[in-house]
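Visitor: Chain by chain, the residues run as shown.
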Amino acid sequence: MTMSQVPVSYRVSERQDETHDTVTLTLEPAGAPLESSKPGQFMMLYAFGVGEVPVSVSGPPGAAGLTHTIRAVGAVSRALCSAAPGQAVGVRGPFGTSWHESDAFGQDLLVIGGGIGLAPLRPAVLAALREPGRYRHITVLIGARSPAELVFAAEYERWRDSGATVEVTVDRADAGWHGHVSVVTQLVGPSGLDPRRTLALICGPEVMMRLTAQTLLAAGMTASQIRVSLERNMQCGVGECGHCQFGPLLLCRDGPVVSYHAAAPLLSIREL
Amino acid sequence: MTESTAAALAGHTFATGLSRQHIDRLAAHATAIEIPAGQRIFAEGQLAARFWLVISGRVALDLQIPGRGRLIVETLGPGDELGLSWLGPIRQWQFGAVAQLPVTALEFQSAAVEALCDYDHELGYKLTRRLLATAVSRLQAARIRILDLYAVPVRSAGGP
Amino acid sequence: MSADSESRGPAWLLPASGLARLHDSLREAGYQVIGPRVVNGAIVLRELSSADELPFGWGVTLAPGGYRLRRRADHAAFAHSAGPGSWKQFLHPPREQLWSAHRTPDGGYSADSAAASDAKLAFIGVRPCDLRAIQIQDQVLGAPTHPDSTYASRRSSVFIVAVNCTEPGETCFCTSMGTGPRAGRGYDLLLTELTGPGDHTFVVEAGSAAGEATLAGLDLRPADPGAMRRAQASVSEAAGKMGRTMHADGLRDLLARSHDAARWEDVASRCLTCGNCTMACPTCFCTTVEDVTDLSGDHAERWQSWASCFDLDFSYVHSGPVRSSGESRYRQWLTHKLGTWHDQFGSSGCVGCGRCIVWCPVGIDITEEVAALQAELGGPEAGE
Chain A
193 MTMSQVPVSY RVSERQDETH DTVTLTLEPA GAPLESSKPG QFMMLYAFGV GEVPVSVSGP
253 PGAAGLTHTI RAVGAVSRAL CSAAPGQAVG VRGPFGTSWH ESDAFGQDLL VIGGGIGLAP
313 LRPAVLAALR EPGRYRHITV LIGARSPAEL VFAAEYERWR DSGATVEVTV DRADAGWHGH
373 VSVVTQLVGP SGLDPRRTLA LICGPEVMMR LTAQTLLAAG MTASQIRVSL ERNMQCGVGE
433 CGHCQFGPLL LCRDGPVVSY HAAAPLLSIR EL
Chain B
61 MTESTAAALA GHTFATGLSR QHIDRLAAHA TAIEIPAGQR IFAEGQLAAR FWLVISGRVA
121 LDLQIPGRGR LIVETLGPGD ELGLSWLGPI RQWQFGAVAQ LPVTALEFQS AAVEALCDYD
181 HELGYKLTRR LLATAVSRLQ AARIRILDLY AVPVRSAGGP
Chain C
158 MSADSESRGP AWLLPASGLA RLHDSLREAG YQVIGPRVVN GAIVLRELSS ADELPFGWGV
218 TLAPGGYRLR RRADHAAFAH SAGPGSWKQF LHPPREQLWS AHRTPDGGYS ADSAAASDAK
278 LAFIGVRPCD LRAIQIQDQV LGAPTHPDST YASRRSSVFI VAVNCTEPGE TCFCTSMGTG
338 PRAGRGYDLL LTELTGPGDH TFVVEAGSAA GEATLAGLDL RPADPGAMRR AQASVSEAAG
398 KMGRTMHADG LRDLLARSHD AARWEDVASR CLTCGNCTMA CPTCFCTTVE DVTDLSGDHA
458 ERWQSWASCF DLDFSYVHSG PVRSSGESRY RQWLTHKLGT WHDQFGSSGC VGCGRCIVWC
518 PVGIDITEEV AALQAELGGP EAGE
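Residue numbers (this note's numbering), protein chains in the order written: chain A, 193 to 464; chain B, 61 to 220; chain C, 158 to 541.
Some hints could be false.
[To be verified] To give an idea of the interface, some chain B residues facing chain A are shown, with a C-beta separation under 7 Å as derived from the structure: (1) E104; (2) Q106; (3) L107; (4) G137; (5) R198; (6) A201; (7) Y210.
No lab work stands behind these hints: they were computed from the structure.
Since the model is a prediction, treat every value here as computed from it, not as a measurement.
Glycine included, C-beta positions come from ideal geometry on N, C-alpha and C.
Here chain A stands alone, though its shape is the one from the complex:
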């Protein structure tokens, strides 16, 4: 094993309920902090005695603390979601590749997030909104199951004020919802996409990413202008345990952020 395999002790300094099953935790290092992460990278979060799961960083890049948005889907993520301020959480990382959103300087940045998939995109959005003048347009398209299941909903207005176009759509809504009800791909058409001068960053369920990328390709973008964040079973974070094999890629090392040019042929292979 390596030193990077021992979780470093952090403490929950703040917790914010996002939805009924999703929580954003801010963590402060108990001692020396880990190296700061780049947008799109992930950490392995350890709930003492329960286990460890990969969780993308959802906070602003360069911040002293760490911010993670966690959905309670298993024993470890449930334990993390129930962590109260002051509680210790072990952290390893940062691991993996980043969005490199600054590659879109001078062009349009199109960010498309589905469900909890908006969490790993948030650092890229926040980084871009620090210098919106360096992009032609910043557009954020958000899809969620229902209005109540939108993450970071309180921030969208701030993103708009900082210069981004933010469109939100949901799969199901009641009469109280005045926004879009559709598939997130249906927001692409009216977004004024300039297919030759856009970098698209997509994160969400794998099927949603595939369909969204196909929509962008149909609109004239090329696969190398599209980046997706992929997920497989990640355990070690350093390409040693083999669980995140995805064809030629080790996703903890060569991902999670992968060019759609590389990902597309792999995503079409059954049970890869």
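Use these hints to put chains B and C onto chain A, whose structure you have.
Guide: Frame of chain A, contents of chains B and C only:
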């Protein structure tokens, strides 16, 4: 009026690729309308005899379910075609439609357009292809939403 | 150790009786000496208390799903092909503790890496295929990427006595994979075993300064040209005596377009997905971790153990395994081993040792599967 509706039609995604002549013929049956926010455009169960090409604004397709109230099935916006039930076996609106935001649109009487298509089969063919494409993408979107992709997956045994 | 590349310094002759001195001098230098031994009807790798424990006079008969010891006519110590074990069990142990942690009074916790054993290991009888396998695992787990790992520290102190292969087995195909029967670089000492009527000697060459230093205490005489010719001839002959062949050229590209091949279904109908091939393979490196606590919940540990891509849970995400069919799991193993390993680690992951063939309970033969895929998908080797 006809000239400006023809221009509006020519600028709509739905008419992309139609010849000048076809646009003019179709535009002769179009009325540019404005619908204020909150106004119902049609209601479930009524005779379906019109369709619209949305130019701006947003329309919510809805349905009343006893005990659950009014549910929004889908929203449509600029570039979308509104109203497909006139093509169906039962020419009744399956869902209702309400302007969620102020809407501008081109309104067509379906009977007049059908008569036009009977007269000009080439236009009829092109129109049918476009309506079919609309129906296919609506169907695909509906199927994707049936997948409930953002739901917490049903778990099988084990795992973290 | 053994960092230097292959050196072609002077060659020496060591009588078989001199192996005892080699063993003892390594022990005296502080090494735990590990080598092949006959245990329970198989030749396995164990700590040796004396060179007498080497499998003198034992050979093996190998087949898909078959392994039997046999008595040899001579007293050769290293003419027995690969056994069920491999050196990875010492460099990358089947189960090891990564760290332990305990809660501190302030509600936090304190964690410490598990203490790495400081034992120095000497491996005697490393076959060329296995020497290459060690280097392949180095690429994955070792110094280049993770210089601080316990693997790297364990590995750096290993002393390797390699043995050129003079008698390949029925399931061997190292010639096809370019890993033998002559040892490449990376050894400290290299032996070539010579047996004949009334003769049992070893040609000895040093491959590192440490190897050179070890020679000093041995009963050596310079190798005469006749002995050298015999040694070279026996290794060259071995190259032509492989029980199996695999056309490795172009495999990476072929496998990259193999995903829909019908052969996967065929092999899956035989494969039990038991994972034996991955345990026996000297390069398979995958692990999984287990987090445990004591009853108080205040003391936690993380243990790492070998994992297999044939396990259903191996590819688990959220709702279930990505690779739920046996077909996809066999395909994952083979396409990784022979194909995408190149993309990830710069070489093939197969050294041609044949262990996966021998230890497969239903006798699936990787060379046969590859040939079938080549025949099905076409390519340079099709039809051969």
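Visitor: Against each hint, give a clear statement of whether it holds in the structure.
Guide: Okay, the hints, checked on the actual structure:
1. Nearest Cβ of chain A to the Cβ of E104(B): about 15 Å, over the 7 Å cut. The hint is violated.
2. Here the hint on Q106(B) is broken, as its CB sits about 20 Å from the closest CB of chain A, past 7 Å.
3. Taking 7 Å as the C-beta cut-off, the interface hint given for L107(B) is violated, the closest approach to chain A being about 25 Å.
4. Proximity of G137(B) to chain A holds as hinted, the smallest CB-CB distance being about 6 Å (cut-off 7 Å).
5. For R198(B), the shortest C-beta to C-beta distance to chain A is roughly 10 Å, which exceeds 7 Å, and the interface hint is violated.
6. Below 7 Å, beta-carbon pairs count as interface contacts, and A201(B) has one with chain A at about 5 Å; its hint therefore holds.
7. For the restraint placing Y210(B) at the interface with chain A, the shortest Cβ-Cβ distance is roughly 4 Å, inside the 7 Å limit, so the hint holds.
The structure fails hints 1, 2, 3, 5 (numbered hints given earlier, in ascending order).
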